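Okay, here's what each chain looks like letter by letter:
Protein chains: 6
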Amino acid sequence: MILDILAIAAHRDDVEQTCGGTLLKMAERGYRTGILDLTRGEMGTRGSAEDREREAAEAARILKAAWRGALDIPDGRVENTWENKLKVARVLRELRPRVVILPYWKGRHPDHYTASTLGYEACFLAGLKKAVVSRQSSVVSEIGAPSIQQSACSGDAIASTGEDARLSTDINSADTLAPHRPFKIIYATLYYDVRPTFVVDITDQFEARFQSLMAYKTQFSDQEAGKDLFPAKREIRNRVEAMARFYGMLGGVEFAEPFLQKEVGLVDDLMMVPVKSI
Amino acid sequence: MILDILAIAAHRDDVEQTCGGTLLKMAERGYRTGILDLTRGEMGTRGSAEDREREAAEAARILKAAWRGALDIPDGRVENTWENKLKVARVLRELRPRVVILPYWKGRHPDHYTASTLGYEACFLAGLKKAVVSRQSSVVSEIGAPSIQQSACSGDAIASTGEDARLSTDINSADTLAPHRPFKIIYATLYYDVRPTFVVDITDQFEARFQSLMAYKTQFSDQEAGKDLFPAKREIRNRVEAMARFYGMLGGVEFAEPFLQKEVGLVDDLMMVPVKSI
Amino acid sequence: MILDILAIAAHRDDVEQTCGGTLLKMAERGYRTGILDLTRGEMGTRGSAEDREREAAEAARILKAAWRGALDIPDGRVENTWENKLKVARVLRELRPRVVILPYWKGRHPDHYTASTLGYEACFLAGLKKAVVSRQSSVVSEIGAPSIQQSACSGDAIASTGEDARLSTDINSADTLAPHRPFKIIYATLYYDVRPTFVVDITDQFEARFQSLMAYKTQFSDQEAGKDLFPAKREIRNRVEAMARFYGMLGGVEFAEPFLQKEVGLVDDLMMVPVKSI
Amino acid sequence: MILDILAIAAHRDDVEQTCGGTLLKMAERGYRTGILDLTRGEMGTRGSAEDREREAAEAARILKAAWRGALDIPDGRVENTWENKLKVARVLRELRPRVVILPYWKGRHPDHYTASTLGYEACFLAGLKKAVVSRQSSVVSEIGAPSIQQSACSGDAIASTGEDARLSTDINSADTLAPHRPFKIIYATLYYDVRPTFVVDITDQFEARFQSLMAYKTQFSDQEAGKDLFPAKREIRNRVEAMARFYGMLGGVEFAEPFLQKEVGLVDDLMMVPVKSI
Amino acid sequence: MILDILAIAAHRDDVEQTCGGTLLKMAERGYRTGILDLTRGEMGTRGSAEDREREAAEAARILKAAWRGALDIPDGRVENTWENKLKVARVLRELRPRVVILPYWKGRHPDHYTASTLGYEACFLAGLKKAVVSRQSSVVSEIGAPSIQQSACSGDAIASTGEDARLSTDINSADTLAPHRPFKIIYATLYYDVRPTFVVDITDQFEARFQSLMAYKTQFSDQEAGKDLFPAKREIRNRVEAMARFYGMLGGVEFAEPFLQKEVGLVDDLMMVPVKSI
Amino acid sequence: MILDILAIAAHRDDVEQTCGGTLLKMAERGYRTGILDLTRGEMGTRGSAEDREREAAEAARILKAAWRGALDIPDGRVENTWENKLKVARVLRELRPRVVILPYWKGRHPDHYTASTLGYEACFLAGLKKAVVSRQSSVVSEIGAPSIQQSACSGDAIASTGEDARLSTDINSADTLAPHRPFKIIYATLYYDVRPTFVVDITDQFEARFQSLMAYKTQFSDQEAGKDLFPAKREIRNRVEAMARFYGMLGGVEFAEPFLQKEVGLVDDLMMVPVKSI
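Protein sequences appear in the order of chains A, B, C, D, E and F.
Quick note on the working numbering: the first sequence kicks off at 9 and runs consecutively.
Quick note on the working numbering: the second sequence kicks off at 9 and runs consecutively.
Quick note on the working numbering: the third sequence kicks off at 9 and runs consecutively.
Quick note on the working numbering: the fourth sequence kicks off at 9 and runs consecutively.
Quick note on the working numbering: the fifth sequence kicks off at 9 and runs consecutively.
Quick note on the working numbering: the sixth sequence kicks off at 9 and runs consecutively.
DSBU-like, lysine-lysine: derived pairs with alpha carbons at most 30 Å apart:
1) F:Lys114 / B:Lys270
2) C:Lys241 / C:Lys114
3) A:Lys137 / F:Lys225
4) F:Lys270 / F:Lys137
5) C:Lys137 / E:Lys241
6) F:Lys284 / E:Lys137
7) E:Lys225 / E:Lys241
8) D:Lys241 / D:Lys72
9) A:Lys114 / A:Lys241
10) C:Lys270 / D:Lys270
Where chain E lies over chain B, by a calculated footprint (3+ residues, C-beta under 8 Å):
11) 46 to 53
12) 76 to 89
Treat the hints as calculated values from the structure; they're not laboratory data.
As the structure is a prediction and not an experimental result, all values here were calculated from the model.
Backbone N, C-alpha and C fix where the C-beta goes; we use that ideal spot for every residue, glycine too.
When you get a sec, could you build the whole thing from the sequences and use the hints?
Below, the structure is given as structure tokens:
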């Protein structure tokens, strides 16, 4: 499986909240997108890791992701260790994305900002020619979302073709994986008050993106008696919509998702620079 | 004359130092570009306003600008007054550019940073529907670069077509000019230590841009006996090249010019975002 | 008329978009609030200055403002001149507010950011003991919203009592106005991407604040045939709501308005500091 | 023991230099305050860990702290490890403070800035419902300041009542501690050049706060022959006073301590916002 | 009179509060220093312009300034106009300082921050070769502090020598003044919360600097009956001392004054870079 | 061996790119300079660790460094661990530099920014009086550049004298090393877009500095057939020169290297402050 774009996040349901609309938009353009969740959500207040795996698979289907996997890093304890960097680097060498989306490097949840540094350093490590990353010890397949991965491998609409698999084989030796460094790393941020470098218009993807979040039924519905399900959902809807609309306004569109990049931009045609100045 | 892009600067030879390569690149893409110099350079240590007018026309020819004009604002005394805003707004309503390039809003020379604010507020004023800007009192024609303007009006390769002139007539009444607000305002900066929002690759335009600067013979050659012309030119060359190369490195190209914008960006396709991250 | 809080803005309908909910909330707490519009809106694309005066009076009624006036500064041409500073200072000495709300010092519209500096410098001038500001030449009464001002003076529910009028007389001599410097100056900002110092919860005032904006019928309804009134209104509603909800999320409430102050804060009781950290 | 406010710092005598006045002020308002020193000071140039324990107890008495403890993290080697996070989280679950004061996240001493991150991540961990933190393995009691803790437990003026102890028992099971996440986390900074979010007026507490610092006799007096005790003390006095006065000036009071928070503020009443603007 | 260093400020007694110690230190090193007050203090609450002129002369004597003058710009109304720029440029061309000290470009008092921009633009104007600044119309001599200026001209200890006067004559023609642009412009700031670029150790000058401030008897003593003179003075002393000590601590000395510069530094010898890092 | 200045970097050839000119300039002034490479370059795409050791020795000779060593930290895996801090602290206690140059704390390569934190914390640790750092376990000698170290020890032109060796012995006991904390820590940065605190003029050292970089033949020449050596070298030359010239322009010299420091500056004489303002 060779991907164009891989979003890495700490928890299942993170990408749905930060860059789900963008992932869907890119998939609709014909790119192969993927999601790597560093943990499996066993520390969540509601639901088990198994519940979340099913929900994550459903969300990935809605977002038309070609691949989704999870690592065995403990939920609530994402640490920027050498072992964790190797785990992520292995996935990067296997999937070989051109673009990697990471969480913003500041945030409320330590797992989020640590995932940002961990992901960045794994991108670096994956590209070091002399760094040997064993193929066998990959733990992704054990914890991935097999239904998606399989359908992807068996050639469904959003999956890679056999050529890519051969390419992958050619690039990598029997036991180790060939180096790969993503071309572009961008950062998605979930309502932390930072000015984005750019936003992506997700007006057409907004409803599906919201549905992908709602796929996490154990998280976003309230099973206890005495609670009214719909108001809670409406509150979430209101907040998600306000956020997307706020970033939309910054970019002159209805709904958008915000991103940061560390590099300066490169513009080819001044007449094509979007967003009205005045 | 209807323009696509108009660069506004305080002094003749300013745009040659900040965004000349970009203007040329855009002209080579088929856009009509123009240059508005707010002053005529009468305070320069070397040469007269007439010398600079001739040089500016030559530089405009090298940069393939479709139009170049100068206002009668005193050199060394660019002030953000209502009268000056009207003068600039009149030019904006006549030329109706989609993109306006202004100087950066900080700088060493007061004329530069004042030109930035003056240009911005003129863009705003030009777009106010109820602001009446008289056509007759325009002073541009008196101080413009007639040779260029005429050739432009007589329909040569880089000039506007008759349709545009008619359009201009249609839009504007006999005595006043129809409102026009540029879509995009960007800021060009000349080695002030600020991180640009984006750079424009001018590798292919770099030599011509340097020649446009050298067209200012009264400024960049040393006529006094006892001075060696070439070392001075070589020093200028070294500095101009180092600057363009430095900004080129930020964008992963050989030579570039830096720009800022106040808006956030809007990206349509993550796979197309340029500049390597890692 | 002595006020507790005075909001100064460039245009009628500005405060309704930035701090209307806060003004209403303060009025509901029993404070006397006022609005000074620097211009009368004659440059607006739709409607006349007279239309806007009527609308502003209605909006003030909805926001329970005890006073609203407008100066004769030309719309689209707010300049930070000595004369304009005197005009604003005169109002400040008459109304003697403890808190002044100004527009944020950056923005898209030159009138907005100039009003910020003009308002600040007028606050300073109003407090200079030796600065003589003549009572007679006040232009406020000529351009104010008489219906409001009169009702205020005749003692209706939101107006000041006679005691305040006497106090005002005592403080000021027959011909000049006694110095007054506001204690606190804060800045309200309308969706410019800056992190606020604090937000004010306007959950309970949000609907009325939206109605105060809708009172500007010439601005926010579309009278032309072939346009559907309601979708336009719904679009405005969506944007206003998204903004208020976004700032609400920053402060942990449903709807809020953002403000900046230049001073550091002073906290008396750590247990009372609001907004959850984690 | 249930606390209202807990200050966490790397070394004994840190809180006395950053937020001692604020802790005392809060205690005088009737809140129960506590101090957690991550290390025991064994690396200090002067005095032993036992000396510092006695001094810390005396300082806590002066600051009217209801509780003071120290962890067994090595002095000079505060690391942000999982084990250390568990140690701090255990204390947080036992003491259940609403407000936690951490050191600023930048600084000269690595222990200080690491304590900031460690403390933050421990606050997060302590609130994770599924994170099991064993009650038995707590090391606090071994290294705490027993005299204070006992007096606190035996119900003296500043200690918690028996009700709190029962509450603590109710919340926590026999072997593990119930989750607790502080509502508010603020950061105290010791003369690092950063603009504080707010300051706390400690004019009335300044002298006692200085005495709490002087309680560290091994640190702030000079036992060697040939040195004059008083000038050294006077020098410290001068510096401590200048710092408190400087931050006092920012807030318009005589002496103050500076704090940062990451959240925006939330203001209820504009007329109550302190600190004169102009 | 040729100066080495000229401090420009809006009001008499400003330099005494921001850079008086530095001016004295430089004078003690043998440099000729001067002070240009843009206004004459007629708006001050206490005392007349004549009182302040006498006090300013006394303060200048204490600070060993070789020259002090005042312009006729109205107090409380420092504006950045062409006329005011010419007035300051004339002084700069006459005194020809290498270093100019301006107020910081932000501040509470509009006169202060406007003086910063005005002073900067006057430095620029003074250096334009083709800008003709008439000698005759200089208003400085009318409003200067004659007693100081005369003693300086008659060659006392702190004054310039006759050679400089001749040089001045040589440089300037009968009617106009030769161009002069200061080499270095730095900014002094009075307790505004900004991090300085560098501080100057004024430990040895601190007492004299304080006396120069106390020379403004109309400002810093309280003549009204029922007020105790000394506590007020002690309060001022406390604040001035705290400020100087705070900035001293940043630089590792006892008392210091803070400055900003816009340029990057240039260091010749790494072993000589002062201020301990750790 | 006692050094004046020690540059610490992650990889052999790092200092040649960031501060090599400055090191040479300082050596030419008579200071003893040294270079500590944290890793030995075994992960580099071209060449072995042994190749790089020879090249590093040659580069050190060109830069006239009195000492160069490398630690056994794995290339591509510089981690901020206690063990690594001890390794660096041991070197610091042995070489006792007054000035330490570290990499900038942000960057593209994780080894670079981690080396910055690691180096800083090692400086802190080296100065803790009670931190015992064993002399025996030093790994520097095993991996150092013996040829340089020996020549330095045998007293050649750039080496320390016997007095220093005795001093070193006196300071340190038989088995442990005496504490040492550098006075000054500065940060060198390689074309990351940050504004430097100061630059160092390396116009006279530029050519030698470039030669020191070219000494890394395995890195900067292309041995494969079919590649032209000189264009590649010319490209490197162009980039290195552009960078040095850009920073030179900021400081008003031809070539310069940029540095940051965290402290404010301390200026003794305003007339000596370099870099023209205007």
